[in-house]
Every structure is written in C-alpha cells, then in structure tokens.
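Given next are the chains, with one letter for each unit.
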Amino acid sequence: MTQHQGKIDQYLDSGLGPEDAAQFEQWLQEDQNLQLLAARAELHTDLRRSLQRRSVQKEAMSHFRDLTSHSDETEPDTQRQEQTFSRRPNTVASTTNTSWHSKKWFILAMATAAILLFAFLSIPESESPNRQTAARSQRIARIAYQQNAGWQSGPRVTGDAVGGGMVQLQVGIARLDFSNGATVTLQGPAKFEILSANRTRLHQGVLTVHVPGTAIGFEIETPAIDVIDLGTAFGLAVGVDGETDVCVFEGEVEVSASGETSNSKSRLLHAGSAVRSKPQEGKIESVLYETNRFKDGWPVTSGVLQATGLMKFVSPGPEFVPGRYEDNEHIVVFAERQGITLDSEIPVDLTSPGLYQRIHRHNEQKIAAGTTVRSYLLQLDPLGTRERNSENKPRVTGQITFDKPVIGLIASTSRLTNTDTLLGHPDGQYKTTRRGIEPTRKEDNLGIKRDAVVLSDDRRTLSLDLSAGSAVDQIRVIVKETEPKSNGQQRTK
Amino acid sequence: MNRDQSENDRREVFTQHWMAAEPSVSAYVFAVISSFHDAEDLVQQIAQEAARRFDQYDPERPFLGWALWIAKSRVIDFYRHRSRDRLVFSDDLLSRLGEVIASRETGRNERREALEHCLDSLPERSRKLLDLRYVENAPSDSIAKSVGSTSASIRVTLTRLRDRLAACVQQRLAMEEAR
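Chain order of the listed sequences is A and B. So the first sequence is numbered by the working numbering: it starts at 1 and just counts up by one. So the second sequence is numbered by the working numbering: it starts at 1 and just counts up by one.
The following block holds chain A by itself, in its conformation from the complex:
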C-alpha cells in the first residue's frame, strides 16, 4: 500500500519524468489505482487548504498581538513587500518568499470563492494579512474620493493611505490617487491589486484611469491583457471569467495578451478604439468603441465628483469634444486640459464665491502665473435655432462639484476665445462668435429668468441656471491643481 502511495505522492508533489509518467499512466488504467490517486489527491488538497488557512489565521493573530502590544509605528518593510507582490518565483529560494506566495494563493483562492459567487461573501481572516502588510508598506496611493463605497475590509476613510495589496470594493465608487499622479476610479464590485507604485492588476470589475505625463508607463494587468499607459486616459472592464475590454479615451496605450503562454506582440491603441481579449487565448480583437459602462467612474477620474440636475458630464472619446458634440437638453461638461502651468497671469471674469448674473462685468481679476490648473467647459448648445424671445426658450439648471477648488470662471466671448489655445481641448473646435453667458438685454422680459451662476463658499460647487437663445452659452471653469512655487518648479513629481 505504502509503495503505491509513495509513487502517487511523488507524482503529486513534484511531477514525474517522461518515462515514469508513461508508466504511471499505464498503472492508472486499473480502476482501483485511479481510486487510490483520487483519494490521495483529495488528501493533498485538503491538507494544503487546511494548513494554509491555519497559517494565515496564526499570522493574523500574531499581527493583532503585535498591534496591540506596540502602539508605535512599525518600520516599513519594503523588501518583504517587494517579495510579497512580485511575480511568482520559479524556484524555491527563500521560505519566507514562497510561504507568502502560498498564502497569497490561498487568499486569492478564497477571495475568488467569494467573488465568483458574486455574493462577495466576506472572509475577513483571509484578507487581514494583506491589509496588515499594506499598512506597513509605503504609501503608494490614497483614497481621494468615495461615493457610497463599501469595502470588503470594512469602512475606509477618504484620505487614507493605500499600500500594496488587494483592494476590494463591493459597491459604490472610489478614486485612488497614486503618488506618481495616476488617478484610478473603481466602480464596485471591483477587485483591484496594487503590485507596486507603477504596476497594478484588475482582477475583476470596471475602472477608469487617467495617467499624466509624470506617470507614463503605468501598467494595469488583467487576467487577459496587460495595458501600459503612454500618457492618457482609458477604461478597463474585466468580467467574472476574466474577459477584458479596453477602451481608450485619450492618447494611446500599449496592450498585449497576458500570461507566460502568450508570445503575441504588443499593439498600440489610439483614442476612440477598443479591444477585447479572453484569458489564455492570447489574441486581442478590436470591438466597437462603447463607453456606457464607464459613465459613472469617468467623471470622477476627470475631477468631477458630482453632476446633478441637467448637468451632464460628456462621454469620453474623440467624438465628444467641444464643437463636435451638441445637446440642447443638458448643460454638457467637457474636461479640457489638465496639468497646465500658467506662464503668465491670465485675466478671468470671476474668482470669488457668490451669486452672479452678469459674470463678465466683474473685470480685472487674474490667476497668477505659475499656478497649475485644469480646465473644463460647460455649455448649453441648442440644436437648431430658437427665437430669442420665444416663450419656449429652454431653461436649464444644474449643479456640479469638482474635486479641486475653482479659481476662475470665464464667460465672455473674447476671454473664452483668448484662452482656447491654452486651456481648450486639443481636439476641440471653438467658434469665435458670441458664446458666453448672455448679458440681460433690454428687449428680454425685464428682470425675469436671467442667467444665474453661484460658486459655493468652498469653491468646489458651481450652480447654473441658464437660458439659451440662439447663441451658445459657455463657461470655462478653471480649477487649481497646485499652488505656484517660488523656485520656478511648478509641478510636484
């Protein structure tokens, strides 16, 4: 009996050479031998599961004891961190390393058991070691924003640092801002893993990402595709079976089928294109560009935390830029430029909180040179021409909240035109005729239904109540990314 078991154990523990394997297959032709293999494989599987679970629990308990006995901060253990989240080793070099990998696999297995079941059953003891390690690791990102967010690991506070490891969002929306400048918005349910400051993995769910020039090379893996960002914005969706869709909003990305088995060459994708791939198939097919599933996360990635009333953040993509896209039922919001450092001061129509009806009559306000800004264009663009004095003039109201303070509004035609090159969307088509908020005219019904703009005291929220006649109503909103610096270096790394 033990002789057979020895043979089976050898096969299960380390595999067999070609000759032994052929003999083993022959031996398995007997039903009773196949029974022996099945029973032994069960035992091996159960032992692995049980011992890994015990080890994880033990470790979690000792972490807990550590935490309760030492109130002081633990040194960040970056080397351990590297090992934990690096790719799998081929050989068993260090027991700590492999031990962590085994546990990681156990954790992953348990996490999948939960996810696949869509139900997201919570297995707290399996997640805690990751969290503990993450807590001790260097800060890679922070939670910049969350909306109805439910985390598998329990409540998290906006502003919290996030280190390496698994981040599981069960419901809601959450934005992680990486220290290199990349912005990732997760739409729950999503299972996202931070492997390093530059490399992440979306196991399942939907995310949108914006990567500024400072973070070019930011990589997101999925079960099917590796995406390397070349300074851009894109959306990723990974299904429960690992099938991955990549949708490029701006700029370009490099995609390649993931996994060791794939030798497929990488492909360059441009804005407005989309691809799909299944795990282990090694091929990437082009699909229709469709952004609907990213509509909740994309505004948040772009710095717009909330848009209510008739305010609508435009879909991402090259067709959705000022001048190409029109909508007479909404105040459409376009993200125009990011990370623009002003060479010289620019005059704007309004810089202070308050209620305004004739924005551009408040003259001589300026944004200082050296300030790094982001710009948005809000517009009400009626399709077709309407009578200026018509009773049916559409009246639209809406409210928008940004993640950064608004430091200037531009609403007069000349100032809009003057800032189009610097702050307008690179692909936008801007008119030079009347486009600002209309001043009240004598021939209008006096005093009634004027345009009104309110900037909240914290400068984050803007309310609009606009009427649009035959002219286009536009406001350019400028938000502050960073303060000007005295030494001339405007941008932080």
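By construction, these hints were calculated from the structure, which means they are not laboratory data. Ideal Cβ placement from N, Cα and C applies to all residues, glycine included. Treat the hints loosely; a few may be bogus.
[Said to hold, decoys possible] Think about it this way: if two alpha-carbon atoms lie no more than 25 Å apart in a straight line, the pair counts; the simulated DSS-like pairs of lysine-lysine are:
id : chain 1 : residue 1 : chain 2 : residue 2
1  : A       : Lys7      : B       : Lys72
2  : B       : Lys145    : A       : Lys278
3  : B       : Lys128    : B       : Lys145
4  : B       : Lys72     : A       : Lys404
5  : A       : Lys312    : A       : Lys431
[What the hints assert, rightly or not] Heads up, incomplete: computed chain A residues facing chain B, CB under 8 Å, no partners named:
id : residue
6  : Ala21
7  : Ala38
8  : Glu42
9  : Leu51
10 : Asp241
11 : Gly242
[Claimed, not checked] From the derived model, a few chain B residues whose C-beta atoms are all more than 12 Å from chain A:
id : residue
12 : Asp58
13 : Trp66
14 : Gly148
15 : Ser149
16 : Ala166
17 : Gln171
18 : Ala174
19 : Glu176
20 : Glu177
21 : Ala178
The hints should help you fit chain B onto chain A, whose structure is shown.
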C-alpha cells in the same frame, strides 16, 4: 425588483452548489496539474466559467459532474497552451478520473472535518514538516536541508505522515458511524 430577486436567488443557488463542489473540483485539478500555482489559477477559472455558464446547468443532474466537465476542458486547454509540459492523462483517463472523484462526493465534508481533528492531534514536529511542504511550498530537497536530513528520507516521512492521517480519518469516520 423581481428580476433582482431572481438574480439574487440564482446567485445563492450557485454559491451553495459551488461551495459543496469546490473541494472535489480542486482535488481533480490538483491530481492532474503538477504546479500548485497553476492548479489554483485553474480552479479560479473553472469557478468563473461555471458562474458565467450557470444558465446552461441542468438542475436535474448533479452539479459536481457538470463542474468537473468544465474542469476537464479547462485542463485540456491548459496543456494545449503549454507545450513544454506533457499531460500524463489521456482524454479517456481524465473523464474516468472525473467519474471517480464524483463518486467520492458522499462523505467528502465528513472526511475534511475528520482531517482537521487528525491534524490537531499531530506532534509539533510533524506539523512543521507538513507546513514546510504545503504552506512554504518547499520541495523535499530544501526541506531536507532545513531540517538536516536527506531528500529521500523526507519523501518517505511525508508519505508515512499522510498514510497516518488517512488512517486517522478512516478511524474517526468508522467511530462516528458506530455511534
């Protein structure tokens, strides 16, 4: 609202099925894939595929059989994509192994539970050895180095330990049956 409800019900039914089948599916995959990393990956993929195709599952038939059928095709795919490793099992043998695993479904949970007790009663030294193998995932030669023994001796000791645990499981089950 109703649709959500039925979707929730469906998820719950799937969850129950999968929880019950997972240990057997894992045993099947571990029996035919030599690297445990790959085996774990594959189990996850099988779970995902089963979830995705749950609509196609005929509730009149055993879930485990269906899940093992998915597992078999995943295993074949796995080896097809990986020319450097040869599959020891023929198509026929893979099917037969699936049948054998399915036939062992009864009592699977009891055996796992019994194993927990048996592990508890193991001496510390033996537990350490098993930890090195299954938690640290160390091969017998590095275990041998770390405990100052030979690789062959470690292999024999591990096999004896497993035999002992298997016997302990049988004894416990027999005892419970007798009660």
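How the hints compare with the structure:
With a C-alpha separation of about 23 Å, the suggested pair Lys7(A) and Lys72(B) falls inside the 25 Å cut-off, and the hint holds. The straight-line distance between the Cα atoms of Lys145(B) and Lys278(A) is roughly 42 Å, outside the 25 Å bound, and the hint therefore fails. For the hint linking Lys128(B) to Lys145(B), the alpha-carbon distance of about 14 Å falls within 25 Å, and the restraint holds. This hinted pair does not check out: Lys72(B) and Lys404(A) have alpha carbons roughly 53 Å apart, beyond 25 Å.
With a CA separation close to 21 Å, the supplied pair Lys312(A) and Lys431(A) stays within the 25 Å bound. For the restraint placing Ala21(A) at the interface with chain B, the shortest Cβ-Cβ distance is roughly 5 Å, inside the 8 Å limit, so the hint holds. For Ala38(A), the suggested interface contact is upheld, since its CB lies about 4 Å from the closest CB of chain B, less than 8 Å. At a threshold of 8 Å, the smallest CB-CB gap from Glu42(A) to chain B is about 4 Å, leaving the interface hint in force.
The restraint placing Leu51(A) at the interface with chain B holds, with a minimum CB-CB distance near 4 Å, inside the 8 Å limit. A cut of 8 Å between beta carbons decides the hint on Asp241(A): the least distance to chain B is about 5 Å, and the hint holds. At a threshold of 8 Å, the smallest CB-CB gap from Gly242(A) to chain B is about 6 Å, leaving the interface hint in force. Distance to chain A confirms Asp58(B) as a non-interface residue, since its nearest Cβ pair spans about 20 Å, more than 12 Å.
Consistency note on Trp66(B): stated as away from chain A, and its beta-carbon is indeed over 12 Å from all of that chain's, at 15 Å minimum. Consistency note on Gly148(B): stated as away from chain A, and its beta-carbon is indeed over 12 Å from all of that chain's, at 15 Å minimum. Annotated as non-interface, Ser149(B) keeps its C-beta farther than 12 Å from every C-beta of chain A; the closest such distance is 16 Å. Residue placement check: Ala166(B) does not keep its beta carbon more than 12 Å from all beta carbons of chain A (closest about 6 Å).
Once the 12 Å rule is applied to beta carbons, Gln171(B) is consistent with being away from chain A; the minimum gap is 15 Å. No beta-carbon of chain A comes within 12 Å of the beta-carbon of Ala174(B); the shortest separation is about 16 Å. With a least CB separation of 17 Å from chain A, Glu176(B) remains clear of the 12 Å interface cut-off, as annotated. Non-interface status of Glu177(B) relative to chain A is upheld: no Cβ of that chain comes within 12 Å, the nearest being about 18 Å off.
The claim that Ala178(B) is not at the interface with chain A holds, since no C-beta of that chain comes within 12 Å of its own (minimum 22 Å).
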